[in-house]
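**Q** So you can see what is in the structure, the chains are spelled out below.
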Amino acid sequence: MREVELIIIGGGPAGITAATEAARIGASVALIDENENLGGKVFGPTGNAIKGSVSDKIEKDIRNQLLKDFNRVRDKISVFLNTAVWDIVDQRIVSLYPTDGSDKQINRIKGAKLIISIGAFEKAIPFPGWTLPGVFSVGGLNTLVKKKILPGERFLLAGAGPLQLVLANHLINAGANLSAIVYAASLRDITASAFPLFASIDSLKLRSGFDYLRNIKRHNIPIYRSHIISKVYGTSEVEKAEIVKVDESWNPIRGTEKEISVDSVAYGFGLIPCTELTRLCGCKHIYDERLGYWRVVLNEKRETNIPGVFAAGDGLTIKGYSAAIEEGRVAALEACTQLDRVGRSETDRLLRPALRKLKRFNRFGQIMDAISRPRPGIFNILTDDTVVCRCEEVTMQDVISAVADGARDVNDIKRRTRLGMGHCQGRFCGQVINELIWRLTDVRGQRGIFTPRIPAKPVPFGCLAGE
Amino acid sequence: MNGGEKFEIEVDGKTILAYSGQTIAEALLSSGLRVLRVTRKHAPRGVYCGMGICYECRMMVNGMPNVRTCVTLATPGCKVITQDDSDIKSPKTVFE
Chain A
1 MREVELIIIG GGPAGITAAT EAARIGASVA LIDENENLGG KVFGPTGNAI
51 KGSVSDKIEK DIRNQLLKDF NRVRDKISVF LNTAVWDIVD QRIVSLYPTD
101 GSDKQINRIK GAKLIISIGA FEKAIPFPGW TLPGVFSVGG LNTLVKKKIL
151 PGERFLLAGA GPLQLVLANH LINAGANLSA IVYAASLRDI TASAFPLFAS
201 IDSLKLRSGF DYLRNIKRHN IPIYRSHIIS KVYGTSEVEK AEIVKVDESW
251 NPIRGTEKEI SVDSVAYGFG LIPCTELTRL CGCKHIYDER LGYWRVVLNE
301 KRETNIPGVF AAGDGLTIKG YSAAIEEGRV AALEACTQLD RVGRSETDRL
351 LRPALRKLKR FNRFGQIMDA ISRPRPGIFN ILTDDTVVCR CEEVTMQDVI
401 SAVADGARDV NDIKRRTRLG MGHCQGRFCG QVINELIWRL TDVRGQRGIF
451 TPRIPAKPVP FGCLAGE
Chain B
1 MNGGEKFEIE VDGKTILAYS GQTIAEALLS SGLRVLRVTR KHAPRGVYCG
51 MGICYECRMM VNGMPNVRTC VTLATPGCKV ITQDDSDIKS PKTVFE
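Top to bottom, those sequences are chains A and B.
Using the numbering used here, you'd call the opening residue of the first sequence number 1 and step up by one each time.
Using the numbering used here, you'd call the opening residue of the second sequence number 1 and step up by one each time.
Hints may be right or wrong, so weigh each one.
SDA-like, lysine to any residue: derived pairs with alpha carbons at most 25 angstroms apart [stated by the list, open to error]:
1. 148/A / 61/A
2. 79/B / 236/A
3. 60/A / 36/A
4. 148/A / 14/B
5. 147/A / 213/A
6. 217/A / 165/A
7. 258/A / 376/A
8. 147/A / 40/B
9. 284/A / 366/A
10. 89/B / 460/A
11. 148/A / 77/B
12. 147/A / 77/B
13. 6/B / 100/A
14. 457/A / 40/B
15. 89/B / 423/A
16. 245/A / 162/A
17. 79/B / 443/A
18. 147/A / 89/B
19. 457/A / 63/B
20. 6/B / 149/A
21. 89/B / 61/A
22. 148/A / 82/B
23. 14/B / 386/A
24. 240/A / 44/B
25. 240/A / 38/B
26. 89/B / 401/A
The set of hints was computed from the structure by calculation and includes no laboratory data.
Take the sequences, apply the hints, and build the full model.
**A** Now the structure itself:
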């Protein structure tokens, strides 16, 4: 088995920075990423911001600097692309498998220290028809449109969160027919969050936000505030969407339904951290009510309760790439200090500016999460035949029956219905199952989370056998 | 993304165009093909998350089932088949 001093899982902004820092100090590093390219979602080949916008310039400058620094020490880093991690044994030994169907030789690496920086994915709430082709996550459609691929004729954006704004602009610039933006937050919510938001971000980011809004206004895109999508219709693909007005708790207001003729819907409520690997390691996690998701518990140096296991970036809490870079740096410096590669006093000196910046980023992240956090009334749009678990096709009716039979806990529901046992490993249904149980029982019980199981991602049988 | 080298791929026996750097899902969606899989309960599915997490876009690629087409690059001549899971028997729950 190959051994290194530091294993970094996830090659986005946090992972790249961590690898660069550690290699510069002289540690032996393995950097693992599932994708074809390093950079993650934001610093991948297509970038994220609108071409020519202020954000685009900032993003490009930061990305270029990041990759320049990385390339200077790249020969000292073992980079594994197209490689997924499906198990972590004893918090140190990482099991790998190639995602591109190739026959790579290395299937396990041992590291003295581990940094997990696997990023985030989208928050979603089931609604009737959401499994139909033509319904995308906001990030999913964004990835396509950025590459100038329009998978439909008429688009509707629904949900909440800052990513909708970016996607709307990408769609407009790609010449797409954007029929409506359906935004769950009310004008009052948006106004209430405006002041703390302004206070927490730099003027350039603010300016690009205004540019995005102006562009939407200039193209006369209808915006429905205090509205959610309640249904999509179609036999084999989306043919039509229904939206409905909601009150302050996001309860649908009967009689305000409106149909919009679209064939493509992007839907989401911001991002949540990927916690599968920190959970698999056995790190302590808590549900953060204010942020609206599970997150790993860390100290200031981004070390989990398991010594030598670190986390960084949006896989920790959602703050964006600037924070991810600083967190990658903090985790790598601390890991290298523990490896006796750098002195404690030197590390503390280097860490101070990074830790100061991170405080500000944290505030920004908290405000964004608060704006997009779904409110309980939205669960009223689920009908009995709405699919809750996409992979195993478990419907709301199946959950109702399981609860009627006495199930009160997420793992009990899983055993009874197979909810959360499919290919995605409960990443989507796991977000809402607690709320659904509580609604059905009228009791807000203790929040549960699926017990982490290997493989963290589906792998061929040969992989498990160590072939 | 139409800048790359152009080539053909085969989808359910028909030929469509793809460009180098495109994923299989991107090539399919560019050709207006959105139903990529049929579930055990005969429901159509297509691209959802677009980043390899939801596994909805699984198709049969060059004889291998369950390939996530949203993160798998199209290669010249690759053979893609709409994955039909409707003849697979649903596994039981622990209570059945």
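**Q** Give a verdict on every hint.
**A** Taking the hints in turn, this is what the structure says about them:
1. Our distance criterion of 25 angstroms between C-alpha atoms is met by residue 148/A and residue 61/A, whose separation comes to about 23 angstroms.
2. Among the hinted pairs, residue 79/B with residue 236/A is consistent with the structure: their alpha-carbon atoms are about 23 angstroms apart, no more than 25 angstroms.
3. Restraint check for residue 60/A and residue 36/A: satisfied, since their Cα atoms lie roughly 20 angstroms apart, inside the 25 angstroms limit.
4. Annotation: proposed proximity of residue 148/A to residue 14/B holds, straight-line Cα distance about 24 angstroms (limit 25 angstroms).
5. Restraint check: the Cα-Cα separation between residue 147/A and residue 213/A comes to about 22 angstroms, which is no more than 25 angstroms; the hinted pair holds.
6. The straight-line distance between the Cα atoms of residue 217/A and residue 165/A is roughly 11 angstroms, inside the 25 angstroms bound, and the hint therefore holds.
7. Note on residue 258/A and residue 376/A: the hinted pairing holds, with a Cα-Cα distance of about 22 angstroms set against a maximum of 25 angstroms.
8. Straight-line distance between C-alpha atoms of residue 147/A and residue 40/B comes to about 32 angstroms, which puts the hinted pair past the 25 angstroms bound.
9. This hinted pair checks out: residue 284/A and residue 366/A have alpha carbons roughly 21 angstroms apart, not beyond 25 angstroms.
10. For the hint linking residue 89/B to residue 460/A, the alpha-carbon distance of about 19 angstroms falls within 25 angstroms, and the restraint holds.
11. Simply put, residue 148/A and residue 77/B have alpha-carbon atoms about 23 angstroms apart, close enough for the 25 angstroms limit, and the pair holds.
12. Our distance criterion of 25 angstroms between C-alpha atoms is met by residue 147/A and residue 77/B, whose separation comes to about 22 angstroms.
13. A threshold of 25 angstroms between alpha carbons decides the hint, and for residue 6/B with residue 100/A the separation of about 21 angstroms falls inside it, so the pair holds.
14. In summary, the hint linking residue 457/A to residue 40/B is supported, as the alpha carbons are separated by about 21 angstroms, within the 25 angstroms threshold.
15. For a cut-off of 25 angstroms, the pair hint linking residue 89/B to residue 423/A stands: about 16 angstroms separates their Cα positions.
16. For the suggested pair residue 245/A and residue 162/A, the alpha carbons sit about 20 angstroms apart, so the restraint of at most 25 angstroms is met.
17. A distance of roughly 52 angstroms separates the Cα atoms of residue 79/B and residue 443/A; the hinted pair therefore is violated under the 25 angstroms criterion.
18. For the proposed pair residue 147/A and residue 89/B, the alpha carbon gap of about 38 angstroms is over 25 angstroms, so the pair is violated.
19. Using a Cα cut-off of 25 angstroms, the hinted pair residue 457/A and residue 63/B holds, with the two alpha carbons roughly 21 angstroms apart.
20. A distance of roughly 15 angstroms separates the Cα atoms of residue 6/B and residue 149/A; the hinted pair therefore holds under the 25 angstroms criterion.
21. Distance hint between residue 89/B and residue 61/A is unfulfilled; the C-alpha atoms sit about 52 angstroms from each other, more than 25 angstroms.
22. Between residue 148/A and residue 82/B the alpha-carbon distance is near 24 angstroms, which keeps this suggested pair within the 25 angstroms criterion.
23. Between residue 14/B and residue 386/A, the direct Cα distance comes to roughly 34 angstroms. Violation of the 25 angstroms bound is thereby established for this hinted pair.
24. The hinted pair formed by residue 240/A and residue 44/B meets the criterion: a straight-line CA distance of about 16 angstroms does not exceed 25 angstroms.
25. A threshold of 25 angstroms between alpha carbons decides the hint, and for residue 240/A with residue 38/B the separation of about 21 angstroms falls inside it, so the pair holds.
26. About 22 angstroms separates the Cα atoms of residue 89/B and residue 401/A, which keeps this hinted pair within 25 angstroms; it holds.
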